[in-house]
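J.: One letter stands for each residue in the lines below.
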Amino acid sequence: MNAQLNSFVVADPKKCIGCRACEIACAVAHYDKEIKTVGCLDRPLISRLYLVKTAEVTMPVQCHHCENAPCVKSCTAKCIEYQDNKILIDEERCIGCKSCILACPFGAIELIISPCEIEKKNLLSMNTGGKENSSQAVVASKCDLCTRRSQGPACVEVCSQQALRYVDFYTERKRRQSEAAQAIGAFVESFRGQEG
Amino acid sequence: MAKRMREFIRIDPELCSGCQRCHTVCPVDAIEGEPGEPQKICGDACVMCGQCVQICSAYDAFFEKDADWRVQKLRERNMPDGTNEPLFAAHYRGNFLAVKEILMHKNKFTMVQCAPAIRVALAEEFGMPLGSLVPGKMAAALRRLGFDRIYDTNFAADLTIMEEGSELIKRLTEGGTLPMFTSCCPAWVKFIEDKYPELVGHLSSCKSPQQMAGAIFKTYGAGLDGVAGENIYSVAIMPCTCKSFEAGRQEMKASGYQDVDAVLTTRELGYLIKEAGIDFAGLPEEEFDKPLGIYSGAGNIFGVTGGVMEAAIRSAYEMVSGKPLDSINVTSVRGEIGVRRTIIDAGEFQLKTVVVSGLKNVLSLLETVKQGNAEFDFMEVMTCPSGCISGGGQPKMLLPLDVPDAYHNRRNSLYRHDEELTYRQSHENPEIKTVYEQFLGEPLGHQSHKLLHTSYKASS
Ligand code: SF4
Ligand code: SF4
Numbered sequence: 252m253n254a255q256l257n258s259f260v261v262a263d264p265k266k267c268i269g270c271r272a273c274e275i276a277c278a279v280a281h282y283d284k285e286i287k288t289v290g291c292l293d294r295p296l297i298s299r300l301y302l303v304k305t306a307e308v309t310m311p312v313q314c315h316h317c318e319n320a321p322c323v324k325s326c327t328a329k330c331i332e333y334q335d336n337k338i339l340i341d342e343e344r345c346i347g348c349k350s351c352i353l354a355c356p357f358g359a360i361e362l363i364i365s366p367c368e369i370e371k372k373n374l375l376s377m378n379t380g381g382k383e384n385s386s387q388a389v390v391a392s393k394c395d396l397c398t399r400r401s402q403g404p405a406c407v408e409v410c411s412q413q414a415l416r417y418v419d420f421y422t423e424r425k426r427r428q429s430e431a432a433q434a435i436g437a438f439v440e441s442f443r444g445q446e447g
Numbered sequence: 260m261a262k263r264m265r266e267f268i269r270i271d272p273e274l275c276s277g278c279q280r281c282h283t284v285c286p287v288d289a290i291e292g293e294p295g296e297p298q299k300i301c302g303d304a305c306v307m308c309g310q311c312v313q314i315c316s317a318y319d320a321f322f323e324k325d326a327d328w329r330v331q332k333l334r335e336r337n338m339p340d341g342t343n344e345p346l347f348a349a350h351y352r353g354n355f356l357a358v359k360e361i362l363m364h365k366n367k368f369t370m371v372q373c374a375p376a377i378r379v380a381l382a383e384e385f386g387m388p389l390g391s392l393v394p395g396k397m398a399a400a401l402r403r404l405g406f407d408r409i410y411d412t413n414f415a416a417d418l419t420i421m422e423e424g425s426e427l428i429k430r431l432t433e434g435g436t437l438p439m440f441t442s443c444c445p446a447w448v449k450f451i452e453d454k455y456p457e458l459v460g461h462l463s464s465c466k467s468p469q470q471m472a473g474a475i476f477k478t479y480g481a482g483l484d485g486v487a488g489e490n491i492y493s494v495a496i497m498p499c500t501c502k503s504f505e506a507g508r509q510e511m512k513a514s515g516y517q518d519v520d521a522v523l524t525t526r527e528l529g530y531l532i533k534e535a536g537i538d539f540a541g542l543p544e545e546e547f548d549k550p551l552g553i554y555s556g557a558g559n560i561f562g563v564t565g566g567v568m569e570a571a572i573r574s575a576y577e578m579v580s581g582k583p584l585d586s587i588n589v590t591s592v593r594g595e596i597g598v599r600r601t602i603i604d605a606g607e608f609q610l611k612t613v614v615v616s617g618l619k620n621v622l623s624l625l626e627t628v629k630q631g632n633a634e635f636d637f638m639e640v641m642t643c644p645s646g647c648i649s650g651g652g653q654p655k656m657l658l659p660l661d662v663p664d665a666y667h668n669r670r671n672s673l674y675r676h677d678e679e680l681t682y683r684q685s686h687e688n689p690e691i692k693t694v695y696e697q698f699l700g701e702p703l704g705h706q707s708h709k710l711l712h713t714s715y716k717a718s719s
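Protein chains in written order, with my numbering: chain Y, 252 to 447; chain L, 260 to 719.
Keep in mind that the hints were calculated from the coordinates and are not lab data.
Worth double-checking, as some hints may not be accurate.
To be verified - Which bits of chain Y does chain L cover? Going by a derived footprint, with three or more residues having C-beta under 8 Å, they are:
| id | region |
| --- | --- |
| 1 | 267-273 |
| 2 | 281-291 |
| 3 | 336-349 |
To be verified - Pairs of lysine to aspartate or glutamate, DMTMM-like flavour, derived with a Cα cap of 20 Å:
| id | chain 1 | residue 1 | chain 2 | residue 2 |
| --- | --- | --- | --- | --- |
| 4 | Y | 304 | L | 273 |
| 5 | L | 332 | Y | 293 |
| 6 | Y | 265 | L | 293 |
| 7 | Y | 304 | L | 433 |
| 8 | L | 533 | Y | 307 |
| 9 | L | 324 | Y | 293 |
Model, not experiment: these values are computed from the prediction.
Glycine included, C-beta positions come from ideal geometry on N, C-alpha and C.
Input sequences plus hints: build the corresponding full structure.
T.: The following block contains the structure:
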């Protein structure tokens with residue numbers, strides 16, 4: 252089978268404490284400029300992973316970067332694409348038709364005000380003394396595995412409980428294989444011991 | 260009264276996810292609840308340090324709450340309607356709206372003071388690098404907001420050293436309760452009153468710089484401007500969520516009026532500046548107003564753990580030994596470790612000091628004091644992990660990973676500012692000399708006793 256399966260971030264509900272630090276880190280990583288403090292925010296924090304808290308389970312859900320991605324198939328503007336082992340939305344071409352939101356089995360896609368639109372609005376409000384543009388373009392948005400960050404996904408890095416894991420299938424399979432080899436080796440060893 | 264003030268730090272049950280990260284920073288184990296359930300702050304134990312406010316990351320996610328809900332919560336918290344700040348579960352109720360009104364109506368003569376830690380953190384709220392040193396821009400911003408006098412807490416910190424240094428020497432030479440504890444951290448004072456009532460006599464009788472400034476503004480300061488004390492509205496900008504409690508204490512009316520009318524946190528000053536549309540980063544550097552805005556480097560380092568001790572040593576050493584210090588920088592009392600002991604040799608005197616940051620670290624030392632075998636004469640205690648620069652009212656980092664950098668840079672900036680100032684010792688501050696000559700008389704004198712010292716309540 253193809254070694255190049257898509258990677259994704261997955262949460263361990265046994266470890267997650269529900270603090271939402273991952274959501275904040277995600278929103279900050281996708282903010283249009285570098286910000287450090289809460290007071291610097293000139294628009295709301297918008298995360299691309301979502302904490303779910305029910306009586307049974309607490310964990311964030313996010314895009315699984317599916318191999319046969321339903322969102323890709325559903326997209327009427329053909330702006331959701333496979334790229335470098337990820338599923339990415341080209342927000343510039345998105346028409347906001349919401350088909351992908353209906354198609355995604357994880358609820359991992361949300362409509363947000365387009366980042367390019369926010370830029371324009373900032374310029375506009377500077378010129379019009381704060382009067383807002385009523386027609387705001389909304390676009391689909393979801394986890395992009397922090398393509399722009401050299402350190403990898405921000406959510407994984409920030410989690411104080413190590414509840415989030417970046418699953419890279421090639422390394423993951425290698426790790427499991429070597430664990431399995433060790434376990435089998437030990438078993439065979441002990442089996443041989445019994446045989447005398 | 261005290262009870263109501265304490266509830267200034269709250270956890271919103273609609274937002275708290277029960278992650279209990281706040282339990283890891285609360286110095287008095289005041290937060291209760293089951294994991295995964297909304298937590299509650301036990302008002303009797305809470306010292307209002309605001310560390311829980313700093314660590315909490317459970318917020319009103321954009322897609323979960325509607326605009327009306329948000330506006331109502333913003334009002335409850337006294338935050339500006341237009342802010343984009345998320346609403347976090349652990350929060351404080353500020354005084355932003357009250358101060359905004361006063362500045363708008365201009366029917367009072369307004370005096371403002373800023374704690375040392377504000378000038379190394381405020382700029383962070385405007386996208387400048389963590390720990391940027393901006394005393395001049397801060398003064399300029401306050402002037403543009405319409406404050407009539409831009410005075411400074413650092414002036415009062417110098418005054419504190421004159422009084423507290425003299426008090427220490429008096430206790431050492433004439434007898435008095437030893438070891439002596441510093442009294443500028445209101446959370447620490449509250450903690451002693453509540454948990455170690457038998458030790459209140461160890462606290463210095465000096466008020467904190469905030470309250471000394473308040474008392475001086477409405478008396479001496481009022482006289483300078485020919486305004487009646489009752490027409491002055493006195494605002495303190497603090498890195499601390501407990502200072503509002505301190506300002507509201509019944510006994511803090513030495514001037515005949517409430518000495519400090521309103522306390523804002525660093526973050527709230529940020530709201531005022533933003534609402535007024537001031538381009539903070541583009542402001543020129545301006546001076547504080549004379550005389551109550553003039554300060555020494557010693558007053559300035561009150562904002563970092565070890566700073567009060569160092570400032571006290573810089574003056575007390577000379578008062579006792581009559582000789583100048585070998586080095587103005589008393590680096591032995593600086594540092595990050597929770598408990599730092601030093602021995603200062605001043606002629607025939609040996610002063611054994613200990614500096615504590617983080618309230619949890621003081622517990623074992625207090626036990627030794629109780630048993631009468633404390634091996635020190637003077638102890639500085641700050642509730643927050645690195646002193647006031649890490650206070651609960653300081654800019655809140657979005658990412659916990661940035662917190663160590665913020666503390667490190669703020670602290671370095673405070674020491675750098677100290678080095679660049681003309682006067683490095685509180686007793687050298689010419690305006691301090693003047694206020695004693697013209698108004699106070701001498702340290703520990705009658706007028707000082709009335710305005711600058713206080714007594715403590717042992718809670719039963
Ligand atoms: S107050 Fe904040 S930090 Fe504390 S348990 Fe609730 S969500 Fe977690
Ligand atoms: S304000 Fe400080 S003392 Fe009070 S609950 Fe929060 S961390 Fe604990």
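J.: Confirm or reject each hint.
T.: Hints and how they fare:
no.	hint	result
1	267-273	holds (count 5)
2	281-291	holds (count 7)
3	336-349	violated (count 0)
4	304(Y) - 273(L)	holds, 13 Å
5	332(L) - 293(Y)	holds, 19 Å
6	265(Y) - 293(L)	holds, 16 Å
7	304(Y) - 433(L)	violated, 64 Å
8	533(L) - 307(Y)	violated, 43 Å
9	324(L) - 293(Y)	holds, 18 Å
Going down the numbered hints, you'll see the structure goes against 3, 7, 8, while the others check out.
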